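Given chain A, work out where chain B with the ligands should sit, using these hints.
So the chains spell out like this:
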Amino acid sequence: MPFSLLVSWRYITANRLQTLLLVLGVALSVVVFVFITALINGLNIYLTQETTSKIAHVELDPPSRVARVLVDDSRFVAQPVSTLQRKQIRNWQQVIEIAESTPGVSVISPIVEGNAFLVRGEATQPIAIQGVEPNKVDAITNISRYIIEGSAELTTGGLIIGADLATELGLLIGTPVLLRSERGAERLLPITGIFRIGLANLDQRVGFLSIRAARPLFDLPDGITSLGLKLDNPAEAPTISIMLQNATQLKATPWQEVNKSLQDATDAQGRTGNFIQGFALLAIVISISSALLLSTYRRRAEIGIMRATGISRQFVAIVFILQGVFIGALGAFLGAAAGYQLCVQLASITRPDGSSMLPIAPNEGGYMLVIILTIIGAALAALLPARAASAVDPVEAIQQ
Amino acid sequence: MSQTLLLAKDIIKTFRNGEQETCVLKGIDLTLTQGKMIALQGASGSGKSTLLNILGLLMRPTSGELRLLDHALTGLSDGSLSSYRNRHLGFVFQYHNLLPDFTALENVAFPAAAPAGRLTGDIRKRALELLDKVGLSDRSHFLASQLSGGQKQRVAIARSLINNPKLVFADEPTGNLDQDSAKQVMALLRDINRNDNTTFLISTHDNSVAANCDEIVRIIDGKIAN
Ligand SMILES: Nc1ncnc2c1ncn2[C@@H]1O[C@H](COP(=O)(O)OP(=O)(O)O)[C@@H](O)[C@H]1O
Ligand SMILES: [Mg+2]
Chain A
1 MPFSLLVSWR YITANRLQTL LLVLGVALSV VVFVFITALI NGLNIYLTQE
51 TTSKIAHVEL DPPSRVARVL VDDSRFVAQP VSTLQRKQIR NWQQVIEIAE
101 STPGVSVISP IVEGNAFLVR GEATQPIAIQ GVEPNKVDAI TNISRYIIEG
151 SAELTTGGLI IGADLATELG LLIGTPVLLR SERGAERLLP ITGIFRIGLA
201 NLDQRVGFLS IRAARPLFDL PDGITSLGLK LDNPAEAPTI SIMLQNATQL
251 KATPWQEVNK SLQDATDAQG RTGNFIQGFA LLAIVISISS ALLLSTYRRR
301 AEIGIMRATG ISRQFVAIVF ILQGVFIGAL GAFLGAAAGY QLCVQLASIT
351 RPDGSSMLPI APNEGGYMLV IILTIIGAAL AALLPARAAS AVDPVEAIQQ
Chain B
1001 MSQTLLLAKD IIKTFRNGEQ ETCVLKGIDL TLTQGKMIAL QGASGSGKST
1051 LLNILGLLMR PTSGELRLLD HALTGLSDGS LSSYRNRHLG FVFQYHNLLP
1101 DFTALENVAF PAAAPAGRLT GDIRKRALEL LDKVGLSDRS HFLASQLSGG
1151 QKQRVAIARS LINNPKLVFA DEPTGNLDQD SAKQVMALLR DINRNDNTTF
1201 LISTHDNSVA ANCDEIVRII DGKIAN
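Each protein sequence line maps, in turn, to chains A and B.
Sequential numbering of the first sequence, starting at 1, is according to the working numbering.
Sequential numbering of the second sequence, starting at 1001, is according to the working numbering.
Next up, chain A with everything else stripped away, as it sits in the complex (with noise of 0.2 angstroms):
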């Protein structure tokens, strides 16, 4: 064992329970630093998932056309031109395949969706139609967790809408109600499912029908409007949509990109947490710095002696880094091991209906990285005094 690692050892085991006082602060600082990387880790994962399981996480369209000017004469101002005109993709068994060859890709979806009008009586309001394979309700959307009436089963022809949807128009499970789509199509439908999900505009304005009844509604006998993906690893979209838009000439949109308020959300916990692990870090460097300078005032005459053997100032900084060291190794250690601990106790605690009350990740606490910086932050912390130490002059300290 080194000469400096034996003195630098004796001296913090000399004086035993300032040094448990000390080791034990730093692991405070380390537990409060694991406690809130797990917890904004968690939430930013709960956030994620929460609201990658209810949309695509990859949207294939076809690409932006201009539209077709119906009239070609300048003494119109404005050119009137065919807003009519169907963006639709007629390949889509050829990029089914595609898609389904491409790695990553779980569940793929062909939907014809179009805007339409419900009327009941005197009441009108606009609905979203997304037609659908029956068998693939779920496939982005898991319907069927939040049908809170009827059924998600589209077999039978019937419409499945929002909660709210049905509640302005008065609508239950049964009720025939009039769907006037974009195209002046006009169809009677049973209500079959009311579902709710807990975002305003899928309760709204979203309704589901199968992709065999939207198509003479939407006049799309063959083609589908867009195809809806679903990967195994949600963060991989913006790679695999590359991937898709070069393979398949349509345009591929990753959840990301429709979902920028959620990023805008996690960056702003992730600084909230930065600032609360900095906070954390610095408790840690100014109890050792103290801890130690207070240390080389009570060993000042000690230290004197070893000057006045010939022993170098560059060994009495490294004894006092040492120490440093030593102090935030063991407070690291303690203090990762309590936070997870503490982390894995409150991800346990759950409400009644069996979910977790704080959506803590226990396994995403930061360890490696509170370790390091710690055992970083105390060695920089042990400087001053290692210098302050190095700096006794020999002969003041004997006579003293």
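These are computed hints drawn from the structure, not numbers from a lab.
Given the structure is predicted, the values throughout are model-derived calculations rather than measurements.
Hints may be right or wrong, so weigh each one.
Taking CB as the label site, the calculated pair distances span [unchecked claim]:
#, chain 1, residue 1, chain 2, residue 2, range
1, B, ALA1043, A, LEU294, 35 to 41 angstroms
2, B, THR1014, A, LEU294, 30 to 36 angstroms
3, A, ARG10, B, ALA1072, 35 to 41 angstroms
4, B, LYS1026, A, LEU294, 40 to 46 angstroms
If you want the footprint, here are the derived chain A segments under chain B, 3+ residues with CB under 8 angstroms [said to hold, decoys possible]:
#, region
5, 196-207
6, 306-313
All residues carry an ideal CB built from backbone N, CA and C; glycine is no exception.
Chain B with the ligands in isolation, oriented as in the chain A frame:
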């Protein structure tokens, strides 16, 4: 023939406290020959410690020249002086001699182990031999804080010898001891001086200590009196 170990020429030391200047050493000339045990006598406050600190390279003189073992030492850096001190000089002080949280053995070994980086088997063996020489081999694993005053000074003497110095400075080594312990310590220094030919410069204001030495150097009013 006996060889010149230390040569000091016209050493002047002035302390400055703000406006006030005190000239403590007013031109000291001194030659120490190898193998002698020399007493440095003088009243309290006469400058004995100041002179020992300067000769022992712990303090720089205001002016004057110093040669040790035929090396000119004026103008060396703090680091070089420290390393020179470690390799060639030994020290015994009146108070604060040992590191209380280390054993007697570790205290003796310290000035050798720190520069070596490790407390090697050789250093440990040499430290044990020295503890045996000062009659404390049975106390080698006692913490310094558990030793009596006389035992502490004997450990300090063992420590001063660990790097085989030619010259050992002892600043009132018995000043803090009872009469019996003081006698024991002086007898020990005498022994080491006779057996190993180690040179000692011992400051004291005690006549009985001085009587034990080969030579007496008196410091009066900042100068060496003849
Ligand atoms: N750092 C210092 N600053 C000012 N005066 C000092 C300092 N060190 C010693 N002195 C003075 O120098 C004189 C000699 O001190 P010292 O060498 O300790 O004497 P001795 O060891 O013979 O008792 C004393 O008057 C003391 O007050
Ligand atoms: Mg003195």
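TODO: Would you list, in rising numerical order, the hints stated earlier that this structure does not obey?
DONE: Hint 5 contradicted; others consistent.
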